[in-house]
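Number of protein chains: 2
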Amino acid sequence: MAPETTASTALFTDHYELTMLGSALADDTGSRPCVFEVFARRLPSGRRYGVVAGTGRLLDAIADFRFGDAELAQLESTAVVDADTLAWLADYSFSGEIDGYPEGELFFPGSPVLTVRGTFADAVVLETLALSILNHDSAIASAAARMAGAANGRPIIEMGGRRTHEAAAVAAARASYLAGFATTSNLEAGRRYGIPTRGTVAHAFMLLHDSEEQAFRAQVEKMGTDTTLLVDTYDITAGIETAVRVAGPELGAIRIDSGDVGVLARKAREQLDSLGARDTRIVVSGDLDEHAIAALRAEPVDAYGVGTSVVTGSGAPTAGMVYKLVEVDGRPVAKRSTHKESRGGHKRVLRRHKPTGTALEEFVYPAGTDPERGEHDVEPQIPLARAGVPVDGLPSLDDGRARLRRALVSLPWEGLKLSPGDPAVPTVFG
Amino acid sequence: MAPETTASTALFTDHYELTMLGSALADDTGSRPCVFEVFARRLPSGRRYGVVAGTGRLLDAIADFRFGDAELAQLESTAVVDADTLAWLADYSFSGEIDGYPEGELFFPGSPVLTVRGTFADAVVLETLALSILNHDSAIASAAARMAGAANGRPIIEMGGRRTHEAAAVAAARASYLAGFATTSNLEAGRRYGIPTRGTVAHAFMLLHDSEEQAFRAQVEKMGTDTTLLVDTYDITAGIETAVRVAGPELGAIRIDSGDVGVLARKAREQLDSLGARDTRIVVSGDLDEHAIAALRAEPVDAYGVGTSVVTGSGAPTAGMVYKLVEVDGRPVAKRSTHKESRGGHKRVLRRHKPTGTALEEFVYPAGTDPERGEHDVEPQIPLARAGVPVDGLPSLDDGRARLRRALVSLPWEGLKLSPGDPAVPTVFG
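Chains as they are written, first to last, in numbering that gives the first Met the number 0: chain A, 0 to 429; chain B, 0 to 429.
Because the hints were derived from the structure by calculation, they are not lab data.
Some hints here could point you the wrong way.
Unchecked claim - Now the stretches of chain B that chain A is said to cover, found in silico as 3 or more residues with beta-carbon under 8 Å:
id, segment
1, 142-150
2, 357-367
Unchecked claim - Chain B residues, not near chain A, derived (Cβ > 12 Å throughout):
id, residue
3, GLY29
4, SER92
5, GLU240
6, GLY247
7, ASP272
8, LEU295
9, GLY312
10, PRO316
11, ARG330
12, GLU374
13, GLU378
14, ILE381
15, GLY387
16, SER409
17, LEU410
The structure displayed is predicted, hence computed values, not measured ones.
All C-beta atoms in this analysis are idealised placements derived from N, C-alpha and C, irrespective of residue type, glycine included.
Take the sequences, apply the hints, and build the full model.
Next comes the structure, spelled out in C-alpha cells:
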C-alpha cells in the first residue's frame with residue numbers, strides 16, 4: 000500500500016477534471032480565458048450567515064498542486080489521460096489570478112467567495128481541491144462562530160478531533176480558532192498553525208489509579224495546582240471535596256463532562272466557594288452545541304469544551320459551495336435546463352452598510368459595471384493570487400479572527416439569533 | 000507555516016493524552032497493564048446496523064505513530080510535556096496487542112469493535128488516532144451500505160470528495176468502496192487503494208464550447224463513443240437527440256444531474272430506445288441519498304452518482320465511538336457517576352445465529368469466561384496486532400467488501416429496512 004501522505008495535492012482531484020482537460024487540450028478550447036466562481040446557492044437551513052474559512056489552506060494547497068513522478072505514473076498506469084495531457088500536467092502550475100473573500104469574512108447565498116481566472120485548462124483542475132477545502136473549513140467556521148457567539152466571551156476549547164477524520168481534525172481546529180474558539184486539544188493544529196493547545200486528563204487517568212485521591216495527587220504533583228481536575232468519575236460532590244483537599248483552594252479548575260452540566264455547575268460553584276476555592280474555574284464539556292452553550296449562559300461556567308458538534312458543523316457538515324464556470328472569452332455562460340442554474344458572468348460585490356455600520360445587503364453586480372457606491376459600502380473580495388503566486392501580505396489567521404469579530408458586529412441584531420431564520424442580509428443581484 | 004503533510008501520525012493526538020502520560024510515567028502507574036475498548040454506545044438515530052471501516056487505515060497509522068525530531072521539538076517548545084516524557088516518546092512505538100472487528104463487519108450498540116491491550120502508557124496515546132479513523136470511516140461505510148442496498152445491484156460511483164476535507168475525501172472513497180460502491184471519482188483513492196476511478200465531464204466542459212454539439216463531438220473524439228455524455232446543460236430532450244446523433248446508437252451512457260431524475264430517466268429511456276440506442280445506459284446524480292436511490296428502484300436507471308450524502312454519513316457524520324479504559328491490572332474499571340457509565344472489564348463477543356444463518360444477537364461477555372457456544376455462533380473479533388506488529392494475512396479491502404455482503408445477508412429481513420427502527424439484533428451482555 001502506498002503511504003498515506005504525499006507532498007503533492009494534485010490527486011485530491013476528481014477524475015472528470017482531467018478527462019475534461021484532455022478533451023479541451025485536444026480541441027484547443029483549453030486555452031480559452033475563463034472565469035470560475037465559488038459560491039453557495041443557499042445557507043444551511045435556518046442559518047443566518049456563513050463564515051469563510053480555508054482560503055489560507057487553499058493557497059498553500061494550490062502551490063503544492065504539482066504533478067510529480069508518482070502522480071503521473073498513477074495517471075498513466077490507469078489510463079486516466081493520454082500522453083499529451085500527461086506532458087501538459089507535468090509542466091502544470093497554476094498561473095492565473097484568484098480573488099476572494101478573506102478568511103473570517105461573512106458570506107450569504109450567492110456571495111462569490113472565490114473567483115478564479117485563467118485558461119480553462121489552468122483553472123478547471125482546481126475545482127475539487129478548492130471545494131473540498133472551502134466547503135469543509137467554512138462549514139466548521141460557520142458552526143463555530145455561532146458557538147463562540149453563544150459563549151458570549153467565555154472561552155471554548157475545541158476537542159472534537161476524535162469525531163472526524165484525523166486530517167480534517169487539524170483543519171477543524173484551525174477553522175474553530177478562526178471563528179473565535181480560544182484553544183484546541185489537537186496537537187498537530189498547534190504545530191501547523193500555532194494554535195494554543197490545552198488538555199489535562201481523561202477519565203482513563205482517573206480509573207487507572209487506585210482512588211480518585213491518588214489520581215488527583217499524581218496530577219497535581221506533575222502539573223501543579225493550576226490544573227483542571229476531572230471531578231465526575233465517581234461522585235461529583237465527593238470529587239470536588241477531594242480535589243480542593245488535594246490541590247488547595249488555589250486549584251485552577253474543575254471539569255464536569257457528564258450529567259446536567261448547568262445544575263451541576265451551580266452546585267459545584269456553591270461547593271467550591273464554600274471550600275474557599277473562589278477562583279477555581281468550572282469547565283464543562285460533553286455533547287455541547289450552540290444551543291446548549293446558550294442555555295448555560297446564566298450558569299457559573301467559566302469555559303466550555305466542544306467536540307462532536309463543531310467538527311461536524313452542527314448539523315451542516317458541508318457548506319454547499321460549488322465551483323462554476325461563469326465566463327468564457329468574456330461572454331457569460333450558465334447552465335439553463337433546470338432549477339439549478341446559476342447566474343453567468345464574472346461578478347463583483349459590494350456589501351452595503353447604513354451610516355451606523357449595520358450591513359444592509361450583499362450587492363452582487365457584473366464585473367465591468369460601476370454601481371453607485373455609498374460611503375459605507377465595502378468590497379469583501381481581495382486579491383489572493385496574481386500570475387499564480389499568492390499576493391504579498393495576505394491576512395493571517397489572527398487577522399481572520401479580528402475580521403470576523405468586526406463583521407459580526409456589523410450584522411443587524413436578528414442576524415445573530417441562533418433560531419432558524421432568513422439570511423441576515425439579502426443578496427441582491429445588480 | 001509548516002507543511003501540511005507529515006509522515007508521522009503522532010500529533011493527530013489530543014493534548015491531554017500526553018499530559019496524562021506524563022503524570023502516569025511519573026507515578027509509575029503508566030506501566031500498569033490495561034485494556035481499552037472502542038465501542039459505540041448507540042447507533043445513529045433509527046439506524047439498524049453499523050459497518051466497521053478504518054481498521055486497515057488505523058493499523059498503518061499506528062505503524063507511523065512515532066515521535067520524530069519535528070514532533071518532539073513541537074512538544075518541547077510548547078511545554079506540553081517534560082523532558083522525561085519527551086525521552087519516553089522518542090523511543091515509543093506501540094508494542095501491545097490489538098484485536099478487533101475486521102472491516103466490513105457489522106457492529107451494534109456496545110460491540111467492542113477494537114480492543115487494545117498494553118501498558119497504560121503504550122495504549123493511552125492511541126486514543127485520538129484510533130477514534131478519528133474509526134469514527135470517520137465507519138460513519139461513511141454505515142451510510143454507504145444503506146445506499147448500496149437501496150441500489151439493489153446497480154453500480155454507484157462515489158463523487159463526494161468536493162463536499163468534505165480533501166484528505167477525508169480519500170478515506171470516504173475507500174469506506175464507500177468497502178461498503179459496496181463500484182467506483183469513485185477521487186484520483187488519490189485510486190492511487191492509494193487501487194479503487195477504480197471514473198469520470199468524464201462536468202457542465203463546465205459543456206459551457207466552455209460554443210454549442211452542446213461541439214462539446215459532445217470533442218468528448219467523443221477524445222474518449223470514444225463508449226463515454227458518458229452530460230445531457231442536461233440546456234434542454235434534455237434536445238441534448239439526448241444531439242448525443243445520439245454525434246456518438247451514434249453505440250453511445251455508452253448519458254448522465255442527468257438535475258431535475259426530477261426519475262421522470263427524466265423514464266423519458267430518456269423511451270427517447271434513447273426510439274433512437275435505437277437501446278444499450279445506452281442512464282446515469283443519474285444530483286443530491287441522491289439512500290431514500291432517493293430507493294425511490295428510483297423502479298425507474299430505468301443504470302447507475303447512480305452519489306456525493307454529499309455519502310461523505311457526510313447521510314445525517315450521521317460520525318459513528319460515536321469511544322475509547323474506554325475497561326481493565327487495569329486485571330480488574331474491571333468503569334466510570335460510575337452518571338448515565339454515561341460503561342461496562343468495565345475486557346470483553347469478548349459471540350454473534351449468535353439461527354441454524355438458517357440469521358443473526359439472533361450480539362452476545363458480549365467477560366473475557367476469561369466460557370459461554371456455551373452454538374454451532375452457528377461466530378466471533379467477530381480477530382487478532383489485528385501482536386507485540387505491536389500487524390498479524391500476517393490481514394483481510395484486504397476486497398475481503399471487507401465480501402464480508403459485508405455476507406453479513407448483510409445474515410441480518411433479519413427488517414434489519415435491512417431504510418426506515419428508522421431498532422438495531423437489527425439486540426446486544427446482550429453476559
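Please confirm whether GLU240 (chain B) is truly not at the interface, meaning its C-beta sits more than 12 Å away from all C-beta atoms of chain A.
14 Å, holds
GLY312 (chain B) and chain A, when compared Cβ to Cβ, separated by more than 12 Å
8 Å, violated
May I ask you to check that SER92 (chain B) keeps its beta-carbon over 12 Å from the closest beta-carbon of chain A?
17 Å, holds
Least C-beta distance from GLY29 (chain B) to chain A larger than 12 Å
8 Å, violated
Find the nearest Cβ of chain A to the Cβ of LEU295 (chain B) and say whether that gap is larger than 12 Å.
The claim holds: LEU295 (chain B) sits with its nearest Cβ about 17 Å from chain A, beyond 12 Å.
Taking the shortest Cβ-to-Cβ distance between ARG330 (chain B) and chain A, state whether it exceeds 12 Å.
10 Å, violated
Is the claim that ASP272 (chain B) lies outside the interface with chain A correct, judged by CB distances over 12 Å?
Consistent with the label, ASP272 (chain B) stays out of reach of chain A, its closest Cβ about 22 Å off (over 12 Å).
Coverage of the segment 357-367 of chain B by chain A (three or more Cβ within 8 Å):
Our answer is that it is violated, as 0 residues pass the Cβ test (under 8 Å) against chain A, missing three.
Non-interface label on PRO316 (chain B), tested against every C-beta of chain A at 12 Å:
PRO316 (chain B) is in fact no farther than 12 Å from some Cβ atom of chain A, at 4 Å.
Claimed clearance of chain A by GLU374 (chain B), with the beta carbon kept past 12 Å
Non-interface label stands for GLU374 (chain B): nearest chain A Cβ at 37 Å, farther than 12 Å.
Beyond 12 Å from every chain A Cβ - status for LEU410 (chain B)
Consistent with the label, LEU410 (chain B) stays out of reach of chain A, its closest Cβ about 27 Å off (over 12 Å).
12 Å cut-off, C-beta based - GLY247 (chain B) kept clear of every residue in chain A:
18 Å, holds
Taken one by one, the earlier hints fail for this structure at numbers 1, 2, 3, 9, 10, 11, listed in ascending order.
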